[in-house]
Amino acid sequence: MKTAIIAKTVIASLGLLALFSPSRASAQLVPQPWVSVGGQDGDVTYAVGARALNLGVEVGSGPDGSAGVDVLKFLSLPVISPYVGLGYYSEDKGVAVSGGVQVGATDHLFVGAGYNSVRGFNGQLGIRF
Numbered sequence: 055m056k057t058a059i060i061a062k063t064v065i066a067s068l069g070l071l072a073l074f075s076p077s078r079a080s081a082q083l084v085p086q087p088w089v090s091v092g093g094q095d096g097d098v099t100y101a102v103g104a105r106a107l108n109l110g111v112e113v114g115s116g117p118d119g120s121a122g123v124d125v126l127k128f129l130s131l132p133v134i135s136p137y138v139g140l141g142y143y144s145e146d147k148g149v150a151v152s153g154g155v156q157v158g159a160t161d162h163l164f165v166g167a168g169y170n171s172v173r174g175f176n177g178q179l180g181i182r183f
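Each residue of the sequence shown is one higher than the last, beginning at 55 in my numbering.
Hints in this document: simulated from the structure, not taken from any laboratory. Cβ coordinates follow ideal geometry from the N, Cα and C atoms, glycine included. A couple of the hints might just be wrong.
[Claimed, not checked] Computed beta-carbon distance windows for the label pairs:
(1) ILE60 - ALA167: 54 to 60 angstroms
(2) ASP95 - ASP161: 34 to 40 angstroms
(3) ILE60 - ASP161: 42 to 48 angstroms
(4) VAL149 - THR63: 54 to 60 angstroms
(5) TYR142 - PRO85: 18 to 24 angstroms
(6) GLY153 - THR57: 28 to 34 angstroms
(7) LYS56 - ALA104: 16 to 22 angstroms
(8) TYR169 - PRO87: 17 to 23 angstroms
(9) LEU129 - ASP97: 29 to 35 angstroms
(10) VAL165 - ASP95: 46 to 52 angstroms
(11) ASP95 - ALA167: 29 to 35 angstroms
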């Protein structure tokens, strides 16, 4: 009788320990920066961004000297991370929508491709710490 109670207690304790054990937080709190180069209407566009906790911010320059900021939401999957975003740009460009995907190339490097309604199609190269 005592052996059964002890066994049940150990099994329940191990299950609760596995359920409530903390996951690695260091990878979630370190931002992942990237640079982006693209084009819109024959103009070259540039941006830099960073991602942490599946949220990102990208600051970029568009055609005709416009500059703006995009806020991005990432969907974290094992290898790829699609994202959508909303931003605002100067020089009467207004609100911008964006979307794309980032793919892990190596343990510390990722590449991506995206579209921004002000900055056009772009390629991304980033680093993970």
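Hints versus structure:
1. ILE60 - ALA167: 54 to 60 angstroms: Given a distance of about 57 angstroms, which is inside 54 to 60 angstroms, the answer is holds.
2. ASP95 - ASP161: 34 to 40 angstroms: 37 angstroms, holds
3. ILE60 - ASP161: 42 to 48 angstroms: Between ILE60 and ASP161, where Cβ atoms are some 43 angstroms apart, the hint holds.
4. VAL149 - THR63: 54 to 60 angstroms: 58 angstroms, holds
5. TYR142 - PRO85: 18 to 24 angstroms: 22 angstroms, holds
6. GLY153 - THR57: 28 to 34 angstroms: 59 angstroms, violated
7. LYS56 - ALA104: 16 to 22 angstroms: 57 angstroms, violated
8. TYR169 - PRO87: 17 to 23 angstroms: 20 angstroms, holds
9. LEU129 - ASP97: 29 to 35 angstroms: 30 angstroms, holds
10. VAL165 - ASP95: 46 to 52 angstroms: 24 angstroms, violated
11. ASP95 - ALA167: 29 to 35 angstroms: Check failed, 19 angstroms falls outside 29 to 35 angstroms.
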